[in-house]
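Spelled out, the chains give:
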Amino acid sequence: MPYGQRAYSAPLDRSLILLSRTSLASEIFELTFQTEPGLNLIPGHFVHLALESFPLRRPLSVAGYESGSGVLTLIVQDVGKGSHALCGLEPRTCLRGLLPLGTPFPMERVMQALKEGRQVWVVGGGIGLAPLLFCVWKLGEAGFSVVNFLGFRDKEHVFKVREFQDCGKTLVSIGGFVTDLLPEALREGSPDLLLACGPTPMLRALQKICAEHKIDALASLEERMGCGIGACLVCSCKVQKRASFDYQRVCKDGPVFDLAEVSFE
Amino acid sequence: MMIPQAAEDQARIALETSLCGVRLKNPLIAASGTFGFGREYDELYDISCWGAVSVKGLTLKPRLGNPPSRIAETPSGMLNSVGLQNPGVEGFIKEELPWLLEKKVPIIANVAGFAVEDYCESVLRLSDTAIDILELNISCPNVQCGGMHFGVSPQSASAITGAVRKVCKKPLMVKLSPNVSDIAAVAKATEEAGADAVSLINTLTGMAVDTKTRRPTLANITGGLSGPAVKPVALRMVWQAASVLNIPTVGMGGIMTGDDVLQFMMVGATAVMVGSANIFDPMAGPRILGELLQYADENEGVKLSELVGSLRTD
Ligand SMILES: Cc1cc2nc3c(=O)[nH]c(=O)nc-3n(C[C@H](O)[C@H](O)[C@H](O)COP(=O)(O)O)c2cc1C
Ligand code: FES
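Which chain is which? The protein sequence lines are A and B, in order. Start counting the first sequence at 17; every next residue gets the next number (our numbering). Start counting the second sequence at 165; every next residue gets the next number (our numbering).
Each hint should be verified, as a subset may be incorrect.
To be verified - DSS-like cross-link-like pairs, simulated, lysine-lysine; straight-line CA separation at most 25 Å:
1. A:131 to A:185
2. B:258 to A:257
3. B:352 to B:258
4. A:131 to A:154
5. B:268 to B:258
6. A:131 to A:230
7. B:330 to A:97
8. B:376 to A:171
9. B:225 to B:189
10. B:352 to B:225
11. B:352 to B:330
12. A:257 to B:376
13. A:254 to B:225
14. B:267 to B:333
15. B:267 to B:189
What the hints assert, rightly or not - Derived list of chain B stretches under chain A, where covered just means 3 residues or more per stretch with a C-beta under 8 Å from a C-beta of chain A:
16. 227-234
17. 238-246
18. 315-329
19. 403-409
20. 440-449
Quick caveat, the hints were computed from the structure, so don't treat them as lab data. Glycine included, each C-beta is placed from N, C-alpha and C at the ideal position.
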């Protein structure tokens, strides 16, 4: 791993009982589930959720987890058939979900940087805000603040801005490209570390900006998945290794990757 | 009431079987390509509960595989176009085999190739290791000239099996493609060329289209269909192959439950492989094993091996 040690916790197929479903914005729902308390869930981890009458499970970023109560939060965009079924579930429905999965954000490294007085920026777009929400929750809880750049398609799709504001200065882009907010901010100085999640065009633009300004960036990627645990190799993404490239598993080696190494084609 | 030791003995006797002289404690084998080299599933449960494990398809040289996206959901199934991403035969022997050997579960090495020479070289190298059975994959639909062209006619299947037989010091099982018009003829040809067993079916070539983008869902355009969607086809093919063979048949295609296993055994499968079920349900292996144990419990004195080919057609 290029960014410190891998956080490890054994995954297990657990039961998740739907507690609540709240509409956050157009097509966007917040679902909370009762699961086990005391799990070692870190921002960037995902859950692989089984849905009745769909063969494949659905990977969903953990958007929040209260260790004491065992309440897990997911944010789902009602786009495909699977997410539509998920967004239509009634409270008390019991699902199976494999968790925690994936290599999460290296939160210790992030907190160490903040402790040393360095700047961390958080850049997200649309449903990509889900894992970042968990990041700022954890960072805010520990008393740190960051600078957030949030992008939304239009004003009907805006959600959770308040939660980001609770963890520091927050700039919002509606309708445009969130990365267009960065040049001006960069004139006042660049961050030491950047955490990102969002659509591929956003990540591609961000990669370019980070390369120009020599900013270390970590991004959580999305890819369609099969097993979710690293065995079937259907979730590969292209990672640049000096002269050659390699396919890495988004579900196991990721979803969080060093943005500079990801090859977007 | 049965004392625990006796119950355990009975379960052992009910489930155990053998394949090409290798003792399997139950007829469940993890299917190639869905189980990696077992490490990831071993984080969830002890993988030595399987009768055997067939590893990801190996090629002589490491392969990166096809570009993403590599998976599509289909009604009751899935398409994949991984394209044999694997660390190569040497990589497997160095990095994966030592760990797998410690698990004390019989190991089936699945070998794919592009030409007769690289199949033979891979098999020669693997023959010198502690693997138990060699599974000759002449049925991968996801790589150009990647094995499947060997599997589509009795002549080519016979030629590759014969060539590999000469260099293979392990029991040789040939994995057949369902993308053929006469499966019995292909199966028979491999038997006559020296195969010790056959396994089938590999995936059926298929495709999916995203109407929003007007693009194929898979970057490779076509992929291999697996899961419950293919089970009726698989059962029919296993039945046709087993009917003409004197060597064992290993059946697979869409197995999700203990009852599915019994169906494959009744049509003639000595053992079965479980593939996509591992992807759909990471605990499929232990769950299906539990269902077989329950069947044995409910049918006292039954031996699964005696069900093989017991289909009544009168
Ligand atoms: C993701 C994936 C990868 C596969 N890779 C291989 C492979 O490397 N070698 C092989 O012989 N079969 C491979 N197969 C085929 C399976 O071993 C099996 O023959 C097929 O999926 C049918 O069984 P199932 O319906 O239980 O999955 C693969 C299947 C899947 C779904
Ligand atoms: S989804 Fe199976 S390896 Fe990533």
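Hint check: residue 352 of chain B vs residue 330 of chain B, CA-CA at most 25 Å. Holds or violated?
Status holds; Cα separation ~18 Å.
Are there three or more residues in the segment 315-329 of chain B whose C-beta lies within less than 8 Å of some C-beta in chain A?
Since 0 is below three, the answer is violated.
Is the Cα-Cα distance between residue 131 of chain A and residue 154 of chain A 25 Å or less?
Holds - the C-alpha atoms of residue 154 of chain A and residue 131 of chain A are around 14 Å apart, at most 25 Å.
So if I understand the rule, the pair passes when the alpha-carbon distance is 25 Å or less; does residue 131 of chain A with residue 185 of chain A pass?
18 Å, holds
Between residue 257 of chain A and residue 376 of chain B, is the straight-line Cα distance small enough, at 25 Å or below?
Outside the cut-off at roughly 34 Å; violated.
Going straight from one Cα to the other, do residue 352 of chain B and residue 258 of chain B come out at no more than 25 Å?
Violated, at roughly 35 Å.
Holds or violated: residue 267 of chain B with residue 189 of chain B, Cα cutoff 25 Å?
14 Å, holds
Quick one, are residue 330 of chain B and residue 97 of chain A close enough, alpha carbons at most 25 Å?
51 Å, violated
Quick one, are residue 225 of chain B and residue 189 of chain B close enough, alpha carbons at most 25 Å?
33 Å, violated
Can you take a look at whether the segment 440-449 of chain B is actually covered by chain A? Rule is 3+ residues, C-beta closer than 8 Å.
Held - the segment 440-449 of chain B has 7 residues with a Cβ nearer than 8 Å to chain A, which meets the minimum of three.
Would the pair residue 352 of chain B and residue 225 of chain B pass a check requiring their Cα atoms to be no farther apart than 25 Å?
Since the Cα atoms of residue 352 of chain B and residue 225 of chain B sit roughly 30 Å apart, the hinted pair is violated (cutoff 25 Å).
Residue 131 of chain A and residue 230 of chain A: Cα distance at most 25 Å?
At roughly 21 Å apart (the allowed maximum being 25 Å), residue 230 of chain A and residue 131 of chain A satisfy the hint.
Checked against the numbered hints listed earlier, the structure breaks hints 3, 7, 9, 10, 12, 18 and 19; every other hint is satisfied.
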